[in-house]
Amino acid sequence: MKLKHCHIAAAAMALLLGMSPARAQEKTPESAQAQAQPQDFVQPQDPAPPQPQTPGQTPGDAVPMTPGPGQNPQPATVTPPTSTQRYQVKLFDQDYTKGRSTFPMIFNPYIALRLPKPAEVNAPSVDQLITNGQLRLGVEDAVAMALQNNLDISIQRFVTYESETAVLAAKAGPGPVNPFGGSISFDPVLSSTFGWARTSFPVNNPFLSGVGATGRFSTLTNQNTIGDVGFVQGFPTGTNLAVTLNNTRQSSTSGSNLFNPSVTSQLNVAFQQPLLNGFGFTPNLRLLRVARINNKIADLAFQQQLIATVTAVKNQYYELIFAQEDVEVKKKSVELAGKLYNDNKRQVEIGTLAPIEVTRAEAQLASTRADLITSQTLALQDENLLKQLILRNVMDPKIVEVKIVPVDKPTSNVVVPAIRIQDAVAEAAEKRPEVRQALLDLDARKINSRASRNALLPSLNLNAQYGSQGLGGNLLTQVPAGRNIGANPIVDANGMPILINGSPIFTSSAAFTNGPVVSGGLGDALSNVFNSNFPNYSVTLNLNIPLRNRSAQAANLNAMLLQQQSEANVQKVRNTVAVDVRNAQIALEQDRYAVEANVRARILAEQTLDAEQKKFQLGASTIFLVIQAQRDLATASSNEVRSIVNFVEAKVNFDRALGRTLEENRIDITELRHDHIQRVPLIPGTSSGEMAGEPGKY
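Residues in the sequence shown are numbered consecutively from 1, following our numbering.
In case anyone wonders, no lab produced these hints; they're calculated from the structure. Only a predicted model underlies this, so the values are computations on that prediction, with no experimental measurement involved. It cannot be assumed that every hint is accurate.
Stated by the list, open to error - Simulated DEER-style distance windows between Cβ atoms:
#1 Asn224 x Thr102: 47 to 57 Å
#2 Asn536 x Ser192: 15 to 25 Å
#3 Thr102 x Asn533: 34 to 44 Å
#4 Thr165 x Asn536: 35 to 45 Å
#5 Thr102 x Gln422: 47 to 57 Å
#6 Asn224 x Pro118: 51 to 61 Å
#7 Ile669 x Ser538: 53 to 63 Å
Claimed, not checked - Listed below are the simulated EDC-like cross-link pairs for lysine to aspartate or glutamate, each with C-alpha atoms no more than 16 Å apart in a straight line:
#8 Lys345 x Asp371
#9 Lys98 x Asp152
#10 Lys572 x Glu434
No residue lacks a Cβ here, since even glycine has one placed at the ideal position from N, Cα and C.
Produce the complete structure using the sequences and hints provided.
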């Protein structure tokens, strides 16, 4: 009789268990969680877990990557973006290596350049990609948004501009304008001086000064007007050229001046050429050549920042996919734990299972719910990290509450062309910005070393000078006016006056009076100057020999040490790149095999759980083994998702290690260097991403 009752109870239990899967499939994960709670169990009021879905989003919006029970993985094939996903946006462009032209506006070099205000808002394409509170992004869309909005790229672009200003400064020359001091300026300098002065002073000898005797102090007054013009120019050979033209007009109360007022002009041409220290292009173009090399290094640093940003965006994109898929895995675990709890509770109610098994199932349900909360938190954090990479303003009210929905799921069938490690290292050495930066730095060190050797030489300068003077002005003329009788008589040898008709004879002199004034001035003076009527010439050699020359020796030794250090750094960078390439290749191969192993492990875990559930229904297994099988399936499912994401990220890192990142993502470094963004995300509702009307500037 007891055996009959046992058969009836077993049949009823089988009927209940047979109905529960169908009932569970009709419920959403949320309803399954609610159903999984004991009816007489009061849930503690813990903080609500983060919700990875925005209001109005259904679970079907996210495509799960993990296959269902008993199914082989069928990864979605990601269609590579085509050229139709491009349109051109031209923004502000300025080459800071060139100064402002003086034509046609001669005052341009003396006016500050107006710079555009840096963008503080997200690109317009961000708003157009948002639909129903979701930002549905492909991986190429995320990369394009990062190129437009990423602040690290914007900051590095300013570093490139700063290096261009250093080139512009170096074009001006290595030193201040000093035609005789050994430092030169390639920028020609035009100088002028204009002034007026009036001086009055007493004279002690009125006859010599020409003011005449008045019986008291005589005063000499001069009025001077000056107008000087100068031109200085330095040349890359070390040559300095200085030309000055000085003009002075003087008006004086002195009557002894031949010209009054007078104009004096003087032309001086000075030439200096270093023959040892400072001679040639090497020392004088050193700063310019080094500045241009540093500008190339800054360009490569910008390229390196692009590679780092694109790599980070793609990796974070796939990390977000993993986090969201892991949430789905954890939801499924909660659903299975809730089903087990309900099944155990029914068995306890009909008396076929001990009450302790309900407690164990409830503990498993609580544990899976805790895991779900953790996964949801990580998904939200990964979403924020991706927003930080692809947005300029993460607190934009239009985007702060928007959920990112990745649409390009990672796939395990990524095509990785076979390449020998030697070929991979050679390709990386050619394409990686770090290697080219190290080689350019070595070039700059060599330039400094050669210039320091020139600085060891004594200073021997050839100076040549030519001058020409001219004089002009108003010429005071005199005409004869008879003779003047002197005051002293003519005397004989005895000192007695000679008498004629009893009267002494006095000396006489020709008398003159002021005649007409012959006008003249600056024209006469300049005529004398340029006709070289009064030339001056001089040639000198200046030799300066530092007896110990310790400062130059130290500078030369330091330059050579820095050059050797740079040579060692080149080899270090090459070794680092080689190891990076090898490690990336190893990681790619290992992750490929890990995907196969984890897919197989997940399939076996599903089969194990199914078998344990059937055995448990027949009384041949325990609740502990079922719970363990559920945990193993959850772990295997997460590991499968993790391994696929790791494999895709390993391919991204492999492209970075070989220097292929920009090539693989079709990024033109020349356009981006000057903020030219050629590709933007594909906007929903358009066929090619091209918007109607003029593309906006941002």
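Hints versus structure:
Between Asn224 and Thr102 the beta carbons are some 34 Å apart, a value that contradicts the proposed interval 47 to 57 Å. At about 23 Å, the CB distance of Asn536 to Ser192 agrees with the hint of 15 to 25 Å. In this structure, Thr102 and Asn533 meet the distance hint of 34 to 44 Å, their C-beta atoms being roughly 36 Å apart. The hinted range of 35 to 45 Å is satisfied by Thr165 and Asn536, whose Cβ atoms lie roughly 44 Å apart.
Checked against the given bound of 47 to 57 Å, the beta carbons of Thr102 and Gln422, roughly 55 Å apart, stay inside it. Checking the proposed 51 to 61 Å range against Asn224 and Pro118 shows it holds: the Cβ atoms sit about 55 Å from each other. For the pair Ile669 and Ser538, the supplied restraint of 53 to 63 Å holds, since their beta-carbon distance comes to about 56 Å. For the given pair, Lys345 sits about 23 Å from Asp371 by alpha-carbon distance, which is inconsistent with the 16 Å threshold.
Under the criterion of a C-alpha separation no larger than 16 Å, the hint pairing Lys98 with Asp152 is inconsistent with the structure, at around 26 Å. Taken as a hint, the Lys572 and Glu434 pair is honoured in the structure, with Cα atoms around 11 Å apart against an allowance of 16 Å.
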